[in-house]
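Asks: Chain B: place on chain A using the hints.
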Amino acid sequence: MQPDVVDLFLARAGERPDAPAIVTSAASISYGALERRVRALAVVFAQLPSPKVLIALPQSIDAYAAMLASGLAGGFYTPLNMASPAEKMRRIAAQLEPDVVVGAPELIETLAIPGARMIDPTALDETRRLEGAGARHDLAYVLFTSGSTGEPKGVMIPRTALAHYADWLGTLGIGPGDRVAQHANVAFDLSVFDIYGALCRGAALHPLDVEGDRLMPARFIKRHGITVWSSTPSAVSVMMRARQVTQANLASIRLFNFCGEPLLKEHLDALFAAVPGAAVQNTYGPTEATVSMTKLGLEAQSYADHCATSVALGDAIDGMEIVLAGGPSADEGEIVIVGPQLARGYWRDPQKTAKSFRAVSAQDPRIGYFTGDWAWRRGGDLFFRERVDFQVKVRGHRVELDEVAAAIRECGYPVACVFKRGEALAAIVEAQDAFDEAALRARLQAKLELHAIPERIVAVAELALNENGKLDRGRAAALMEERITGRNG
Amino acid sequence: MKRLRPLLREAFPDGDAAAMGPMTTADDVVGWDSMAHVGLMAAIEDAFKIQFEPEEITAFANLGELMAMIARKVDGG
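Protein chains in written order, with this note's numbering: chain A, 40 to 528; chain B, 380 to 456.
The following block holds chain B by itself, in its conformation from the complex:
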């Protein structure tokens, strides 16, 4: 979450990144629409040096699942 938070802050300038946690969903965050989602996923790929598969780009229900997916990909790669 520590490495993700600055990326969330950048992707959702209107959202309260400090208040986001593993249970946070897209619906909870002001400004999390498809364009912001694309920006976030691209920023995560850059920061963590990973690449998402098309199915993975939308395959999480909350930030906790997103973090687990990032961890899996970082370990796997």
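If we strip away everything but chain A, and leave its shape as in the complex, we get:
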């Protein structure tokens, strides 16, 4: 059994109380002072049995302190994305029915949660603290992700699953003296890599809490001498757009970790050209398997061997397993995940839980999480192909939208979204210069069957990212529709 993240943090705080734990734009705090803050919050949380703690704070010291404090107090936490619309926050709060809400008093009013105890951490009494090892709930956090119906789904992550993941984080060599950036929003589980990767190992956590830093992250890296960087690959696209993927900016980094969306060869080309000595790893995993559960280490000399339409996902980490189900062979199918990092299911939704968490197959009764991601093995590497639900039929032919997008990328448009539109396909691409739709369609004839060539392809200068830093397909679809039917660019 792996140690709990709260116990790991307390051990590090005991060893090096003066080491920096969190450095924000507004303040910094040592391990010892953070421990006092955690214990002071925990004594308030622990007044209720098994408290459900809703964290309504930006990436501040108290947000991280509240995560650890909920664990120490025998409860669990749900972080809110403070940049999301108030309506979405209210829906999450209504589903969770928290016992405790930590946040600014004015926001707590907006959320309108009947019966919850409101805690304004700026008014916290640090003299009263929960001493000792505290108690533990069986859940660590419940993280709400977008459901396909629009109603957020709460993914319940057990403490044992988080401990398993944190144990893997411990194999990455992070330790005192490391400066770990915290780029992902705390409501997006990629942040779990940074938070526990740093605070369980004695490293300093550096949140990007100023919008300007999020827009120019390479400069943030340089200013703080960041040594470990984890984000979606889109953050590299942002750095590339700012022309800041340079040796001067990124020299301090020894480990880049990517997760959350397909990593592309273009990203690796840029990174390895700037910092050929850095270690880069690609990881894959849904929130339902606790952040990530594969790893592929990449090096300047050999990364190209692992690149197809996107970079390979790597092998399952120790203790976890991937089964490819429902495909034509054992080497192609839907990714089904088995192992101790699986979520307990969805918050108060046994129906959705039963649909996604079920026996791997008739022969394999183990419970697996069916991801909806289709993958195949080629030459020993596992590659993401598309979402199962991105498979469409066009005039009777099965078409993989991802395959069409990959063909468009090969024609020199690295950012492309493809949709079913009426009886045919349509696409939207990013293009900086004059865009020749007819020429692109002509080039695609060499790569795709006729029915798979989008009938319309429109271009915009930029496609928007969603709040998790992934390409926002919904907005891309709306923009595409606008271009096709109305305004003409």
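Below, simulated SDA-like cross-link-like pairs (lysine to any residue); rule was C-alpha separation at most 20 angstroms, straight line:
#	chain 1	residue 1	chain 2	residue 2
1	A	Lys394	A	Pro379
2	B	Lys428	A	Thr285
3	B	Lys428	B	Glu444
4	A	Lys261	B	Glu432
5	B	Lys452	A	Arg258
6	A	Lys509	B	Asp412
7	B	Lys428	A	Arg282
8	A	Lys261	B	Pro433
9	A	Lys509	A	Met121
10	B	Lys428	A	Arg258
11	A	Lys509	B	Gly410
12	A	Lys261	B	Ala421
13	B	Lys428	A	Gly251
14	A	Lys261	B	Glu424
15	A	Lys509	B	Ser413
16	A	Lys261	B	Phe431
17	A	Lys261	B	Gln430
18	B	Lys452	A	Gly251
If you are wondering where the hints come from, they were derived from the structure by calculation, not from laboratory data.
Since the structure is predicted, the reported quantities are computational estimates derived from the model, not experimental observations.
Replies: Showing chain B alone in chain A's frame:
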């Protein structure tokens, strides 16, 4: 505005750079999202030989304020 206009045209190929003025905000311009914003700010830094502080990258409400900030930095540097 004269030196800024070609940079705006490049950053927002779908926007009407000729129609942009000091009162223009990001919401007025087709294609002014975070990625385009990054591209614009980097292009301004190159063209004017200045460097924005993290707080300055988003610290303007319209192009007039952006121009005033550029002028301050050019004079100051």
